[in-house]
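Student: These protein sequences, in sequence, are chains A and B. Those letters in the first sequence? Residues 1 to 245, by the working numbering. Those letters in the second sequence? Residues 1 to 245, by the working numbering.
Check before you lean on any hint, since a few could be wrong.
Quick look at which bits of chain A chain B covers, simulated, 3 or more residues with Cβ under 8 Å [stated by the list, open to error]:
(1) 82-90
(2) 120-132
A short, non-exhaustive set of chain B residues, derived as facing chain A with CB atoms under 8 Å [to be verified]:
(3) Ala9
(4) Tyr10
(5) Leu80
(6) Arg81
(7) Glu86
(8) Asp87
(9) Ala90
(10) Leu93
(11) Glu95
(12) Thr96
(13) Arg121
These are computed hints drawn from the structure, not numbers from a lab. These figures come from a predicted structure and were not determined experimentally. Glycine residues also receive a C-beta, built at the ideal position from the N, C-alpha and C atoms.
Number of protein chains: 2
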Amino acid sequence: MKRLKLTLAYEGTRYDGWQRQGNTENTVQGRLEALLSRTVGEAVEVHGCGRTDAGVHARMQVCHFDVSDRMSVPELLSALRQYLPEDIAALALAETEPRFHARLSCREKTYVYRINTGETRDVFRRRFELFAPGSLDETAMAEAARLLTGMHDYRAFTNNHRTKKSTVRTVTGIRLTRDGELLSLWFTGDGFLYNMVRIMTGTLLEVGEGKRRPQDMTAILESLDRAQAGPMAPAQGLTLWEVKY
Amino acid sequence: MKRLKLTLAYEGTRYDGWQRQGNTENTVQGRLEALLSRTVGEAVEVHGCGRTDAGVHARMQVCHFDVSDRMSVPELLSALRQYLPEDIAALALAETEPRFHARLSCREKTYVYRINTGETRDVFRRRFELFAPGSLDETAMAEAARLLTGMHDYRAFTNNHRTKKSTVRTVTGIRLTRDGELLSLWFTGDGFLYNMVRIMTGTLLEVGEGKRRPQDMTAILESLDRAQAGPMAPAQGLTLWEVKY
């Protein structure tokens with residue numbers, strides 16, 4: 001047996017997210033496992049780094065899995081490139097140490113949320129951004145983003161209310177960049193809770209629209225109450241940008 | 001009555017091209033005419049600048065049409081923005097002189113053909129580029145491109161064999177640019193024949209692959225024979241980039 005590390009990109013539009021759910025195979029993990037199992041002739045279980053929601057994209061996702069030594073790494077990569085659907089791309093495949101774990105070994109993840117603030121829909125980028133015409137108070141958004149950064153209990157920013165696991169995470173940075181009509185929010189941290197980036201984005205958008213003040217962020221964090229945070233921004237604007245080990 | 005000039009962008013993937021064909025409405029022109037006629041309550045005929053093929057995209061397309069004075073320009077633009085499908089965007093609408101003609105008044109068109117020469121499909125750009133992994137002799141392609149430039153009879157580069165109209169066009173430039181794995185071919189001219197840009201691209205690709213020599217371009221042009229030129233490159237890589245008046 002050997003442990004392999006696979007680097008992927010995918011367009012999430014037509015998938016029910018990363019994670020295999022019961023008997024539905026319409027997930028990226030499900031598709032990968034089915035193809036790998038068929039290719040190597042044994043059951044393969046894939047472990048991903050970021051469990052992206054339905055409709056969320058990945059420019060760089062990493063997963064690991066174990067296979068017997070029957071097939072070489074180049075043979076397996078070539079099979080993946082040939083048989084994966086058009087919207088999932090195998091960027092790299094390499095043997096790694098047996099103790100490597102795609103999620104647990106991950107040191108840092110970066111997500112980007114893209115917002116088209118222009119007057120017209122961008123027909124080429126529409127699947128990868130939120131169309132939200134109008135001006136936003138970006139100074140206020142940047143100040144709110146700063147208050148959401150750090151090591152906090154982010155329980156108010158997840159839809160997984162009943163988790164018994166720790167909801168403490170360290171968000172090392174939330175940066176805003178602008179390229180013409182395109183506003184991008186970059187979230188970097190050691191990990192993110194279920195729906196957390198999209199709820200932070202929805203909350204920051206309300207700050208940008210003047211519906212909330214930047215200083216409200218502290219109270220929302222302290223409340224540990226999902227109802228205090230803003231709405232969840234739509235999935236299509238979100239992309240897992242990079243994962244680091 | 002007034003004459004309006006509409007600037008559009010569209011993703012061509014799911015359309016049978018720009019031009020309305022008999023009773024099929026699944027063309028960009030057909031969609032526009034149906035929506036405009038319904039909106040203003042009278043039959044509207046739309047005249048486009050570039051008649052893009054099925055599957056070809058437009059970053060900037062221009063068309064004109066005449067309507068009565070019942071609706072204002074801002075009202076009409078707002079209706080277009082609200083009711084056009086997601087993959088067609090109305091960028092601008094303005095009243096223009098009665099003698100303005102989207103195609104006949106057009107001074108210059110630029111098309112871009114995009115080729116991903118990398119090892120992996122780009123899941124985000126796959127609808128807008130040709131995936132053609134491998135290296136190309138770009139020096140030879142640039143030399144061939146130079147020989148295809150100028151005022152020529154481009155009959156060898158059109159699939160419309162039986163046209164009685166002039167097949168002489170002036171191509172003012174064919175430029176190659178590279179951005180990482182992405183090779184772009186930029187075609188600028190006063191007009192292009194049916195399928196001409198895609199046949200020029202297919203021929204230039206054969207030069208890049210070493211199947212033809214740059215100096216063969218002159219003989220192909222002089223032959224006036226479609227069979228002498230290369231294959232037609234797939235539609236999805238082509239985008240009408242800009243039109244000038």
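Student: For each hint, tell me whether it holds in the structure or not.
Tutor: Hint-by-hint comparison with the structure:
1. Here the segment 82-90 of chain A counts 5 residues with a CB under 8 Å from a CB of chain B, which clears the bar of 3, and the coverage holds.
2. For a cut-off of 8 Å, the count of residues in the segment 120-132 of chain A with a CB near a CB of chain B stands at 7, and the three-residue condition holds.
3. The interface hint given for B/Ala9 is met, as the beta carbon of that residue sits about 5 Å from the closest beta carbon of chain A, less than 8 Å.
4. Against a cut-off of 8 Å between C-beta atoms, the interface hint on B/Tyr10 holds, since the closest Cβ of chain A lies about 6 Å away.
5. Against a cut-off of 8 Å between C-beta atoms, the interface hint on B/Leu80 is violated, since the closest Cβ of chain A lies about 10 Å away.
6. Annotation: interface hint on B/Arg81 holds; nearest CB of chain A at approximately 7 Å, less than 8 Å.
7. For the restraint placing B/Glu86 at the interface with chain A, the shortest Cβ-Cβ distance is roughly 6 Å, inside the 8 Å limit, so the hint holds.
8. Because the closest C-beta pair between B/Asp87 and chain A is about 5 Å apart, less than 8 Å, the hint holds.
9. Interface hint status for B/Ala90: upheld, as the beta-carbon distance to the closest one in chain A is roughly 7 Å, under 8 Å.
10. Because the beta carbon of B/Leu93 sits about 11 Å from the nearest beta carbon in chain A, more than 8 Å, this interface hint is broken.
11. A least Cβ separation of about 19 Å between B/Glu95 and chain A goes past the 8 Å threshold, and the interface hint is therefore violated.
12. Interface hint status for B/Thr96: violated, as the beta-carbon distance to the closest one in chain A is roughly 19 Å, over 8 Å.
13. For the restraint placing B/Arg121 at the interface with chain A, the shortest Cβ-Cβ distance is roughly 5 Å, inside the 8 Å limit, so the hint holds.
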